[in-house]
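Visitor: Hints in hand, dock the two standalone chains.
Take a look at the letters that make up each chain.
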Amino acid sequence: MAELHVEVVAVEREVWSGEAVEVIARTTEGELGILPGHAPLLGELAAGATVRILQAGGGEVLAAVHGGFLSVTDSGVTVLAEVAELADDIDAARARTALERARGEGDKDAERRAQSRLAAAGQSA
Amino acid sequence: MGAQVRVYRRRIRSVQSTKKITRAMELIAASRIVKAQQRVNAAKPYALQITRVISALASQSVIDHPLLQEKPDASRSAVLVISSDRGLAGGYNANAIKTAASLEARIREEGKTPVPYLIGRKAVGYYKFRGREAADSWTGFSEQPTYEDARVVADALIAAFLTPTDEGGVDEIHVIHTEYASALTQRPVANRILPLVVEESDAPPPEGALPLYEFEPSAATLLDSLLPRYVQTRVYAALLESAASESASRRRAMKAATDNADELIKSLTRAANSARQADITQEISEIVGGAAALSDS
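Taken in order, these protein sequences are the chains called A and B. The opening position of the first sequence corresponds to residue 1 in the working numbering, with each subsequent residue numbered one higher. The opening position of the second sequence corresponds to residue 1001 in the working numbering, with each subsequent residue numbered one higher.
Treat the hints as calculated values from the structure; they're not laboratory data.
Label pairs and their calculated CB-CB ranges:
1. B:1217 with A:103: 20 to 30 Å
2. B:1189 with A:110: 27 to 37 Å
3. A:40 with B:1191: 29 to 39 Å
4. B:1013 with A:104: 52 to 62 Å
5. A:33 with B:1217: 17 to 27 Å
6. B:1070 with A:110: 29 to 39 Å
7. A:58 with B:1183: 41 to 51 Å
Chain A side only, calculated, beta carbon under 8 Å to chain B, not exhaustive:
8. 9
9. 80
10. 82
Positions of the beta carbon are idealized from the N, C-alpha and C atoms, including for glycine.
Pulled out of the complex, with its shape left as it was, chain B reads as follows (with noise of 0.2 Å):
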């Protein structure tokens, strides 16, 4: 066998393998999308109770609360970037981390510092690597977050929206998280959860009239004990969503570099047997050749 032939082969080998890892990591991507949107639509109905109890609450009492206070010289902003734990999905990382660049810009035009809290590795060594400083990271859970992450970063973030600018607090804060769109399409956004916006509107609210309580205990405790927790609930949204942005991406990226290989293997495989033709005719015209040298004499 030629030497050229050997070399083709090798590489058609190491596709190969290469190839059955990505598929692999497409198949495994397939099955968390479908989890994760599980997971998002399960957290729909205490999301969509707790935004009913709020607004109840918001409609019948004047509500006055330091986590709804819009801060007037707010010079601090926080920006929660939340991106994934391990690479190979595409330009899911890129784009979430290129929005949260573009938040920045903004921020800074206002004439605000931005302080960034990250949740990913993908993020915090973005930041590192640009020696950038960030005031909070995360890792370990992207793939599958738990309502228990969700809280500690949302305690986190509502401590330092409470504390004040002047001793390290922020005034307000951003979160970018990826929109899961479709199976085809994820955007990153950036939405701001701090302080929060009572909406005064006069259609009706889904689902029917809200309810005229009475509180047990006062309209002021519960607010006080229902806002952190619907503040938890966003964030807890925002990574779900996010998650199953992740396992879209990969699986995506994943699928076309399976196809790659695909396509590589056939045109190798083309190149190793015009080589392995070139060889046998290389040889056959030597033999005949020779003979007819031998004959000749």
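Here chain A stands alone, though its shape is the one from the complex (with noise of 0.2 Å):
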């Protein structure tokens, strides 16, 4: 079975990169999932979603992107964000802190990022 390159880049730095089978996001229209062959296609990630990355062998990497877009070429997918966190490195207990300091003080744009945040962590806002 063909498999997808996919990359997950941050500002920051590069958060992660492998195959995979299926990359399922949300963009701005709705949430498409992309298989290896997709035409290449352009778009912006919805405010506060997460990606998953479904690896063969039934692996699957989730990770919570702010402020991003996807990418799909022929040689894979890029998704590019300007905050973006796997799921394995998020503190749930802290992205909650953070959700409720946000709610706190109004903050719509870091209230969305920590919602992203503790659902690529598992856990519902």
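Guide: Written as structure tokens, this is what we have:
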């Protein structure tokens, strides 16, 4: 089975790169899954979105992505993000405090960022 | 012990403690250079990708965006000067500010008004001392800038660019940052970052041909959110490179200071030794002279 080369690139560093069988993301237009051989596409990811990368053999990588773009080309998928964090690196407790603080301050941007981190960590906001 | 010798010893001790400080600063700066360079390299993949995406977008659709529009009757030019928060970095700040001054002179020659935007306490101090008003300034992150810092700066610049000129906006934006050529050479350079210029070129882009994208949402909407990000990335890259240059300049300045302290200690020790010897010689000749005087009588 064909594989996709996936890169998750944040501004400050490259977060993840590897092979995958499917990438599921939500753009501002709606959710989409990308399989190998997908037509080239450039999309803007919805605020506070998570990107799921399904690997061959059932593995799954979940990343919280904020302020991102999705670029699908013949050579693979690139997720460009202002901030991107892998689920394994996310401290759920800290994300929750960040969420509460953002809600308290009425900072919509920070609130969505915290929500996506919580969602990626597998908890509901 | 003679008074002279005591004075020398005191100066040697003072120079030694200064040397300890400059040596420590040299080592800290050296480790910061490595870290700063790693961050410069870590930020490259994103910059490369976003440039590719915008190039693809630009090659595929007719793009028309305020950030791309050259204003024909430009009268105000913003100059963003990136300096450091702390001194003791050799000619780093002086060079950056000098480049800013020559750019401002050129802008004035073209009949426009330079509008300074400042990063780093040194540039702020320089402008304040000369009683010159800066449009905006940011301090506190020159050595370890984050993307958040770059975003704040870039957003302020973009906002100024999008404001009409007669309401205090600017028509073009230049950035002065210090390029890190090597550990020994850092050059201040001036670049215009806004309005952005779309270059038409027939040469194939690096890393293969650009993909023919489908857009989701429309190309125009994407451009709207991509271009400000691109400007932020440019500012971020400039900040990171300046931070690396700052540390490199500081390391070199502190190395020179440490070497000078060594030199000074050496010559002071020589002087102290000869003063001590002169004391001893004098004492002996006094004793001998005294003894001779006694035996003669």
